[in-house]
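Colleague: Take the given structure of chain A and dock chain B to it, following the hints.
There are 2 protein chains.
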Amino acid sequence: MSKLLQDVVGELSLLPGVGKRTALRLAMHILRMEPEAVAEMTRSIDRFRGQIKYCARCNNLSDEEVCPICADQERDRATVCVVEQVADVLSIENTHQYKGLYHVLGGVISPMQGIAPSDLKIDLLCDRIAQGGIKEVILAISTSVEGETTLFYLMSRLRHYSGLKITSIARGIGFGDELEYVDELTITHALLNRREIE
Amino acid sequence: MSKLLQDVVGELSLLPGVGKRTALRLAMHILRMEPEAVAEMTRSIDRFRGQIKYCARCNNLSDEEVCPICADQERDRATVCVVEQVADVLSIENTHQYKGLYHVLGGVISPMQGIAPSDLKIDLLCDRIAQGGIKEVILAISTSVEGETTLFYLMSRLRHYSGLKITSIARGIGFGDELEYVDELTITHALLNRREIE
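For the protein sequence lines, the chains are A and B, in the order given. Residue numbers are given in the numbering used here: position 45 of the first sequence equals residue 45, and the series is strictly consecutive. Residue numbers are given in the numbering used here: position 10 of the second sequence equals residue 10, and the series is strictly consecutive.
The hints are simulated quantities; they were obtained by calculation from the structure and are not laboratory data. Treat the hints loosely; a few may be bogus.
Identical chains blur together in the list; that is why a pair holds if it fits in one copy or across any two.
[Stated by the list, open to error] Pairs of lysine-lysine residues, derived as BS3-like cross-links and limited to a Cα-Cα distance of at most 27 angstroms, are as follows:
#, residue 1, residue 2
1, K165, K53
2, K3, K53
3, K135, K20
4, K135, K3
5, K3, K99
6, K3, K121
7, K20, K165
8, K53, K20
For reference, chain A alone in the conformation it holds in the complex (with noise of 0.2 angstroms):
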């Protein structure tokens, strides 16, 4: 087998989801590629993994020292969403409902993993919060055992800020789900926060 593809394959193989089979496919791939676009699309992941930050106030993925949506002055500026990760930036960014700001925890606490509430950017949403200006700060964490924990944690730590109007995104039975697939602990939820239809 040729070196060079043997060197491309196992690079590849690195990458979440990739093995061997999955590699030697994108190197075929990109042996089709024009070798222009292939030295762009090695150019981008360099420049990417070398140039980026993270927003010194949300901790969003940033080209700057502050991030576009914390220092676009039309966004509502006493609401903040916190997630987990910069994906979940982008799916609610993708909804165009949300006009607040963010803050993104870097992750979720697990003792299994190692990960304590030190490894999260927790103080910087203090911090900011300490600052003022903040009136809701939404928590937008997901349900999973480690989410719960995070939430529980968080909420210790918020409940000190007087005045400040926490909130977590509603959970319940979502669009285009069938009843039959969903687990009972949704089913649960959903049933004892029922709204009367208006």
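Modeller: Just chain B, lined up with the frame of chain A:
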């Protein structure tokens, strides 16, 4: 959204089977990798795209003019196994059962996709046979409609070489396949070509 992140997600989405969501997941993984590991990965991609050659004899991927298999004097140079693509060579090599040489066609004849016999390395195969020394050609082409077309075309070209043995890999039920899920054509073929148990 960060321009650097946007760029890398856009570039990674060019890869087959990688959508925006997967590209984002890959980007976040790249961010967790050591900068040197990322640089090594992109360097190996660039090297692969820039320096890889096709073996002048068998059309397999190669670092040199002639691939290691064709250059290996220990291998049986009288037997050539004809395959569609580079990945097939690796699959057969992984069995450690085959000691002959290969010939990579670079695809199958497909009028639908505009792939004519002249787009494949069939003339190169005929040249190799014409040079003498090859006693058997094993056709290891897939059983798709395009594969069968390619097989018939190859037969029409190869039968002109007197004394050349032309064989095809055995068709049948794969090990571990459940009969229930095997298509009828394969079962019919497997029944017609049944073997007496010795």
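Colleague: Hint by hint, say whether it matches the structure.
Modeller: Hints, verified against the model:
no.	hint	result
1	K165 x K53	neither (30 angstroms within a copy, 64 angstroms between copies)
2	K3 x K53	between (35 angstroms within a copy, 11 angstroms between copies)
3	K135 x K20	neither (51 angstroms within a copy, 34 angstroms between copies)
4	K135 x K3	neither (59 angstroms within a copy, 30 angstroms between copies)
5	K3 x K99	between (52 angstroms within a copy, 20 angstroms between copies)
6	K3 x K121	between (43 angstroms within a copy, 23 angstroms between copies)
7	K20 x K165	neither (50 angstroms within a copy, 34 angstroms between copies)
8	K53 x K20	between (32 angstroms within a copy, 21 angstroms between copies)
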